[in-house]
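Peer 1: Sequence:
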Amino acid sequence: MGTGAQIVLIAAMAHDRVIGRANTLPWRLPADLAHFKRHTLDKPIIMGRRTWESLPGLLPRRRHIVVSTDPGFAPPQAEVARSPQAAVDLAAPAAEIMIVGGASIYQALLPRADRMLLTLIDAEIDGDACFPAWAPSQWREIARERRPRDAANPYDLEFVTLERRAGDKVDDGSEDTIEAVEDWLYWTSRGYEF
Numbered sequence: 001m002g003t004g005a006q007i008v009l010i011a012a013m014a015h016d017r018v019i020g021r022a023n024t025l026p027w028r029l030p031a032d033l034a035h036f037k038r039h040t041l042d043k044p045i046i047m048g049r050r051t052w053e054s055l056p057g058l059l060p061r062r063r064h065i066v067v068s069t070d071p072g073f074a075p076p077q078a079e080v081a082r083s084p085q086a087a088v089d090l091a092a093p094a095a096e097i098m099i100v101g102g103a104s105i106y107q108a109l110l111p112r113a114d115r116m117l118l119t120l121i122d123a124e125i126d127g128d129a130c131f132p133a134w135a136p137s138q139w140r141e142i143a144r145e146r147r148p149r150d151a152a153n154p155y156d157l158e159f160v161t162l163e164r165r166a167g168d169k170v171d172d173g174s175e176d177t178i179e180a181v182e183d184w185l186y187w188t189s190r191g192y193e194f
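Under the UniProt record's numbering, read the sequence shown as residues 1 to 194, first letter to last.
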């Protein structure tokens, strides 16, 4: 990395790592939105163009950096980077850089991530965008908070913080990795620890 900044992926996912459908979040979960806000305020957020276009507007108190290869793309009040690496370089003066989506941006920056803040949604939801698979052996869980469903949040949630183990190789997205993630998601949701 060379910047000293911590790269943090933050995402909410349903079963099968579903994170979106038709460029939207296929759920409304105020508890997850509050979690997202708490962890991204006053930090740079890096996103792809489609994620930018899905936002209702600028998110207050955040520096928006949008990755797009379209030379004509010039969103108001946001900075543009032509690659995920260029976006990280642009945000590098910050101590913590938040990666907020979508799937291709997560995939590109997962190998460089230091931490992941994952909201695990206990639901089978159809989607067309998925969070990339990671090698659970390369990460250690440092926090987990369970939040049962309520009137405003129709699904049980778990807020999980993972930190990359020192010296580990980057995730490769192989079938073995995908199977390992599915196993990790299944067993940790049932209270097992790795």
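Any given hint could turn out to be false.
Claimed, not checked - Taking lysine to aspartate or glutamate and the EDC-like style, the derived pairs with C-alpha atoms no more than 20 Å apart in a straight line are:
id, residue 1, residue 2
1, K37, E124
2, K37, D128
3, K43, E158
4, K37, D16
5, K43, E163
6, K37, E145
7, K43, E79
8, K43, D32
FYI, nobody ran anything at the bench for these hints, they're computed from the structure.
Peer 1: Failing hints, ascending?
Peer 2: 1, 2, 3 and 4
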